[in-house]
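Asks: Here is what each chain is made of, one letter per residue.
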Amino acid sequence: MLRSKSLSSKVADVVLISILVIVALTCILPLWYTLSLSLSSKTAAAAGAVALWPVDFNFDSYKQLLQDGQFFKSFWISIQRVVLGAGLNFIIVPLMAYPLSKTVKDFKGRNVLMWTLIFTMLFNGGLIPLYLTIKGYGLMNSIWALVLVGGAQTIVFNIILTINFFRNLPKSLEEAALVDGAGPWYILFKLYIPLSIPVLATISLFSIVYHWNEFLYGLIFMTREEFYPLQTYIQQLVVSVDPSTMTEDQYKRMSELSNRTLDAAKIFIAMIPVLLVYPFLQKYFIHGITLGSVKE
Amino acid sequence: MKVNKSVWGFLAIIFILLLVACSNEETATDKEETDNSTTKSTEPADPFGKYEETITIAIGQEVDPSDTSLQDGDTPLDNQYTRHVMENLNIEVEHAFTASPSNYDQKVSLAIASNDLPDAMVVGPVELRQMVEADQIADLTEVYENYASPAIKEIIDSSNGVALDSVTFDGKIMALPNSQAGADGVHNLWIRQDWLDKLGLEPPETIEELKEVAKAFVEQDPDGNGADDTIGLAGPDTSNKLYANFIESTNNLYGFDGIFSALHAYPGYWLEGDDGSPVYGSILPETKEALEVLREMYSEGLIDPEMGVREDSGESIISGNTGMFFGPFWMPYGPLTDAVKTNPDANWQSYALPLDSNGEYTPHLSTTTTQFVVVRKDYEHPEAAMKILNNLLANESEFDPSIGGPGYYPLRLVYAPADEMEVTTVALREVLAGTKQPEDFYDMPAYKLLKSDVDTIFDVKLEPYDNMAIQYWDIENHLGQWTRAYSALVGTAPLVDTEINGVKSLIYSQTKTMEDRWVNLKKLEDETFLKIIMGTEPLDSFDQFVEDWKQQGGEQITNEVAEAVQ
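Chains A and B, in that order, give the protein sequences. Using my numbering, you'd call the opening residue of the first sequence number 897 and step up by one each time. Using my numbering, you'd call the opening residue of the second sequence number 1386 and step up by one each time.
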């Protein structure tokens, strides 16, 4: 550290650091609040008395959570979905990005294919047609509805990211391999993929987070709660219902059942898997984003 | 190459998982294709007749994910209710879809839009209209006439034709209506009696007195904690409205319904104008006056300053910061239970106040029909839905809610006499006063909970039996019964003791143009009124709102309403 800092740069440091602290807090406080809520008593939570520290500290919510079979069923469905979705993503993206990273001279249909992909990114048929399509394929209540629909909607972005990364790899590497008699498959698997770990880690992370957090398709394509992925299961618990559309009898039931501390515990547990994945992929992540975007 | 190996290993794992998932898929796909046995029922019309061969009905069902009442491995599809339907009617219930209360409407909309309908389901008035227009549902006129049980017909007739009117399109009955107690359409003034007593105040009879009480609650530290943290009158939160309207005419919590109606303003209602033709209450001068009153109250800090942005206004009631709010009789089922648990002195009492300038209580009244069972057009056994409902009403008292909440009954609609709560209140008072015995009320099966109410009242009410203040109740003994009894003896009491000169809306359902325009008109209305009350727009922007409202389809809608009520 240089000691000869001018006053103005010190002021700048203070300002920047406080801004960063505030931004960091806006990210952390909601998590912290959810944790406090889940460790508080039901009455305190209903009265809005919980702020940064739990009121009437207890583990009741977590004990109750352990008995909730559907929570763990949904948790397992989400894990399957993430593994399948991120796995498919990991396989398909390099296979598509490699040919598409070539110029039109090497790959004639490249532009047509590229624009087709981009078209699907910009326009889509809407929810009802999507629903009818999935129903037509017989994929209702199947995990593949979640894996394929979600995958199809995010994959184009991942492909574009990977194409840019591939294009930044030194051309001479590929030429050298060609001279040595390597074919395209060999070049892709032995050269490009090992060199592209940062970007592949990045797109996997995107895909994992997307599949973990996405809840709408679970709601649309699953007709029963037992097939819901975790975030859909949680969404239906925490979305508030307009009491005026309910009959008195429904409201009574709902108010007897409402349990904010338990919901908070579920939300907190649901965050943990993604929190665990992040640290392992983060170093590649930062690497991958910048490498993919800057031309050397 | 180490990296290389691990990549291949990863790929191999993925492929194995893909294979595993593929083989599992078969069990996961839905069993949509059910063996709909096409045996036509040839038996004569018997409301409780059992089918000779098992028929199936695939329904849309609301399932509350936080309802953990099912016991012994029962599921939403296999429980005391579905087994009862199977045994008594030989109807096998299947689920075309289930959804939580918050998502049920979305699932219904999806089913309607994609024309992928269950055999029968419960819908609201808006969806009913859509389905009639899309020609998706069966004409149930004959089903209702031949198969509705006498008990259901009696309850439906008790609504003076409102229930049947709301399902009749071109003279045909297109759905089966519910009928619920009328009490939850009246929004009482709930008030902290202990605060009033402490400050030496009386319950406010007029709007002026209401303002004074609110001012005292805000400024004189009624909770005695030395902090300036009290709210005079609660305001609506994000899931409630400023006032109940003709489409959602019941159960508006923390709104200003009482203030509007005391000033004879009925925003959101269709009223008869001076010339006898319908007018929309929100565009009348009375509404402007009421908004002016609310605007003043808000600027003086008498209304919760955070109204409209709070997620749940019940929070400040539970924590003991709020002194008054408007809400239906059943608020003990809402925040009041937790409020009393938090602070045993919180003596919430309910009044039919404030009164209008003539000293009369003039609230708006609700419709008693809000939900409908519809049957898919080509379903072979449309009468099955009616039979399921007959069976519910006839046997509801036999079921044990502790091993599966009533919401698990397939196609459940509420059937309650319109005066259910009032009758309960009177009965409880007579039992408490000793003028009648609990046994005197045993023979009233339409009033489903009355027997248990009169039997358990002495478990929760302490002497003196004619004083309803909170310290004369035993809450710990039986919380569930306390909630019910307090709702009757405190919440419903004003409706029994007060002469109610209520105002009804001319219609409680949508017309054709409303389908396209109402959402926007409603939004315009809500935003303008909220801004006027909160002072971000001048009061005179009300006049601009009236102009805009008429131009953007309001005029046309008014004409349609005029046609509909003729």
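I should point out that these hints are in silico values taken from the structure, not numbers from a laboratory. Computed from a prediction, not measured in an experiment: that's the story for all the values here. Beta carbons: idealized from backbone N, C-alpha and C, even for Gly. Treat the hints with care, since some could be wrong.
[Said to hold, decoys possible] Pulled a few chain A residues facing chain B out of the computed Cβ check, cut under 7 Å:
(1) 943
(2) 944
(3) 945
(4) 1020
(5) 1022
(6) 1024
(7) 1026
(8) 1028
(9) 1029
(10) 1119
(11) 1133
(12) 1179
[Said to hold, decoys possible] Subject to a maximum C-alpha distance of 25 Å in a straight line, what follows is the list of computed PhoX-like cross-link-like pairs (lysine-lysine):
(13) A:1031 - B:1435
(14) B:1726 - B:1538
(15) B:1726 - A:938
(16) B:1557 - A:959
(17) A:1001 - A:1067
(18) B:1538 - B:1821
(19) B:1726 - B:1435
(20) B:1600 - B:1583
(21) B:1435 - B:1583
Asks: Hint by hint, where does the structure go against what was stated? Just the numbers, ascending.
Replies: 4, 5, 7, 9, 12, 13, 14, 16, 18, 19, 21
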